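Could you build the full structure based on these sequences and the hints that come with them?
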Amino acid sequence: MDFILIILASGVATGTVLLYATVGEAFSERSGILNLGVEGMMLIGAMTAYKVSAATNNPWLGLLVAMFAAGAISQVHAFITITLQSDQVVSGLALNFLAIGISLVLGEGLTSLRDVVPSLPSFSIPVLVQIPILGRIFFTNQSVMVYLGFIFVPLAWYYINRTRPGLHLRAVGEYPAAADTLGIGVYSLRYFYVFVGGLLAGLGGATISLSISPGWFGALTTAGQGWIAIGLVIFAQWNPVRAAFGAYTFGALRRLVLDIQGPATLLGFANPFFYNPHNAFFLKMIPFAFTIVVLVIGSREANRKRIGTPSALGLPYIRGQRGL
Amino acid sequence: MNQEKLSTETEIVVRMSGVSKRFPGVLANDQVDFDLRKGEVHALLGENGAGKSTLMNVLAGMYRADGGTITVHDQLVDFGSPREAIEAGIGMVHQHFMLVPSQSVTENILLGLDEPRFRMHLPQYNRKIEQMAEQYGLHVDPAARIWQLTVGEQQRVEILKMLYRGADVLIMDEPTAVLAPSEIDELFNTLRSMTAQGKSIVFISHKLHEVMDISDRVTVLQKGAVTSSGVPTADVTRADLARMMVGREVVFRIDKKDVEIGDVVLSVEGLKADNEKGLPALRGVDLNVHAGEIVGLAGVAGNGQSELSETLAGLREALDGKVMVHGEDVTNKSVKSGIRQGISLVPADRTLVGTAPNLSVTDNVIMKNYDQSPIGHGWMVNSTEAGNYATELKDDYDIMVPTIDTSVRLLSGGNLQKVILAREISSDPKLMIAVQPTRGLDVGAIEGVQKLLLEQRESGAAILLISEELEELLSLSDRIYVIYEGEIMGEVLDGDIDKIGQMMTGTRLEQIDTQGDA
Ligand SMILES: Nc1ncnc2c1ncn2[C@@H]1O[C@H](COP(=O)(O)OP(=O)(O)OP(=O)(O)O)[C@@H](O)[C@H]1O
Ligand SMILES: [Mg+2]
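So the sequence lines, in the order shown, correspond to chains A and B. Quick note, the first sequence lines up with residues 1 to 324 if you use our numbering. Quick note, the second sequence lines up with residues 325 to 842 if you use our numbering.
Among the hints, erroneous ones may be present.
What the hints assert, rightly or not - Pairwise CB distance ranges (calculated): (1) B:Leu676 with A:Phe79: 56 to 66 Å; (2) B:Asp673 with A:Thr111: 57 to 67 Å; (3) B:His650 with A:Gly185: 49 to 59 Å; (4) B:Glu458 with A:Leu98: 53 to 63 Å; (5) B:Thr474 with A:Asn161: 48 to 58 Å; (6) A:Val90 with B:Glu458: 47 to 57 Å; (7) A:Asp2 with B:Asn656: 41 to 51 Å; (8) A:Leu93 with B:Lys601: 31 to 41 Å; (9) A:Asn161 with B:Lys601: 50 to 60 Å.
Stated by the list, open to error - Chain B is faced by these chain A residues, among others (derived, beta-carbon under 10 Å): (10) Tyr158; (11) Asn161; (12) Arg164; (13) His168; (14) Arg170; (15) Ala171; (16) Glu174; (17) Ala177; (18) Ala178; (19) Ala179; (20) Leu182; (21) Gly183; (22) Ile184; (23) Ser188; (24) Pro310; (25) Ser311.
Source of the hints: derived by calculation from the structure; they are not laboratory data. Bear in mind the structure is a predicted one, so any value in this text is a computation, not a measurement. All C-beta atoms in this analysis are idealised placements derived from N, C-alpha and C, irrespective of residue type, glycine included.
Written out as structure tokens, the structure reads:
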């Protein structure tokens, strides 16, 4: 029981990283722009946060600068896809390589700073911590970023579905020509939401390096979580609440895969994964394989219900073009 | 009342003078003068590609004119965007609706407005919109999502959207092309109630009887230039209008030669199929078409016509029943094998099903015979041969296009339909399924398409003509089936309109006959 609670609690912590990145990508895609550079933007965020935090001794400042750094690099993608109207897949992949490259170069030497750099605080929430089981999973000694995530998700949902700017966001991703004829700035909104996607990917990256698993380990810092986030967006059907659910589940899965290698016995049997390097490779694959399964299920469901995929996702908008 | 409206003292709301607009390779508007009076319906007529939509897009702020001036209420304006036009009181209902399918009616209407500031108080606005809808007789549920609405209802939402923004000039670009006859009557009532309340309307249509019916004045464009300006509708006849548009006499009567009827080409028995939503669309359709025969299929849109055409062409799965062509079972065979059997389809949706919009005219016309000599050459396509072939078709079918390399998305409706017909007819079909082949076409182009269909009939093809235009069905078809909710209600040989009308609303032929006997 304890083992399960620990995995779930640390799943919520790890999942928080995915949560920010996934909701960020959902914002970008809702406006019609697919950004495959999430992994790179997260890495930029993780590196910047760590570096600034090391230099200033202020992790909050690190967090803020990290968000804007990732937001800034996202604008490269915005320019290429919105203004130059180039292919979003190609540009996203290129952004990824660019951002990873920059992070690795600027992150040179950060690894050795371990234990010197201040992290973001973790604490328990009074009262709530006493709720049986849920208190242990969600409110005991979690990072401040986890708690911010709890507040962020309903706000994001409300923004998209119940506010005027949210309405405009959805319109721009569904039918940009309609939005344009009503005076909504399609281009500027798309730039803005690609930026929001960058901010949140940067936040996700900073959450790793300043809180969830503090430190800088090069490309291993994010270890492919950006790609999982892109998959989760589809599973989440561009909905922040579903994204949170998916992110926490995946976080737990990632933890399970790591932690299961610890105990020598499992449910009274010898643990086949106990310090077995070959099986460890297999285990590491599981979250990614699961992503594919979830993707297939998620997109089938979305198709059937005719909801989800913003209709103009991936398409450049050109005013006066016949057809759309 | 009409006389009063037409008096020259009436206030001029919009005046366009010398407006020109050029696209690469075409002068779409050439020094056009156009004026609109308060409380009138002003019809804009012209052949496909004459520049009607372009002119109105300029007025609505979608395009900027290359020359000329526009005044609204005697104020000089120069709209940089549709929003500026709407603020000046000019709203346009486009040929393609500008509605976000996944959003509700109210959300679509509120889109782009400054109010509400942040939170959407939807129930409150639902009520407001309901009231406005009542005022103009535009009935629609404000909470419904756009994709759940019929085309007619969607159009009402478009009109409401403009009225909500306080538009007093409403431009309607071919509003009736997508409507069923009863919906057209409702639209006309709405338009009349709007003009009675002081709004002005620009009405674009290819259907001359509608123009005669609804408009106060008519302006005609030909190849981008005005040929008749603001003529009172009361002073002209339908034939006059046709002549003004095309520049020659148009024959409304078609002369149909006697053709000997041959063997059964298409026979359909008990055909069943579902629509996209998985609901039954065809519930056991039986029909047959012989060589040398045009068989009409009448019915109100959405009663299974499009599903039937798709199932016959192999684009949709038949769940039950049999489709035979020349005695061979082709049920659920591939489209390719259908093409080899000589089945050809002129689909209702020209831009998504009928053509590949971004490809050139050449690529679009060789889509069926790209793999046959001389165009197909092993696994390669001989582009010189393809080009020659396309040029030949362009000349034969009189397709107006700058070059054969132009992408078809830039073609006007009539020319696009000619591209499809050229491809389908040149494949020498045994069975031709034509769905709404003349929708959105001008009278001249309609005449051309109908002639092509009759020629096919004379050369012994079997033609299934699916249309919502009763007049067209009656003049072209040898017999007419009527479809209602996925079932054939009966077959009419003598073109009895009363019977067809009753069957279109769900009465079976047998029932009509027994009523007649009683
Ligand atoms: N965006 C565009 N780019 C290039 N050419 C265009 C564009 N829009 C229209 N045209 C061309 O301008 C001419 C006028 O087109 P327009 O759509 O105004 O005709 P229309 O009178 O509305 O015809 P229809 O009755 O078929 O709707 C046509 O030759 C058309 O091909
Ligand atoms: Mg037009």
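Against the structure, the hints come out as follows:
no., hint, verdict
1, B:Leu676 with A:Phe79: 56 to 66 Å, "31 Å, violated"
2, B:Asp673 with A:Thr111: 57 to 67 Å, "59 Å, holds"
3, B:His650 with A:Gly185: 49 to 59 Å, "58 Å, holds"
4, B:Glu458 with A:Leu98: 53 to 63 Å, "57 Å, holds"
5, B:Thr474 with A:Asn161: 48 to 58 Å, "26 Å, violated"
6, A:Val90 with B:Glu458: 47 to 57 Å, "52 Å, holds"
7, A:Asp2 with B:Asn656: 41 to 51 Å, "59 Å, violated"
8, A:Leu93 with B:Lys601: 31 to 41 Å, "37 Å, holds"
9, A:Asn161 with B:Lys601: 50 to 60 Å, "24 Å, violated"
10, Tyr158, "9 Å, holds"
11, Asn161, "9 Å, holds"
12, Arg164, "6 Å, holds"
13, His168, "7 Å, holds"
14, Arg170, "7 Å, holds"
15, Ala171, "5 Å, holds"
16, Glu174, "5 Å, holds"
17, Ala177, "6 Å, holds"
18, Ala178, "4 Å, holds"
19, Ala179, "7 Å, holds"
20, Leu182, "3 Å, holds"
21, Gly183, "3 Å, holds"
22, Ile184, "5 Å, holds"
23, Ser188, "13 Å, violated"
24, Pro310, "9 Å, holds"
25, Ser311, "7 Å, holds"
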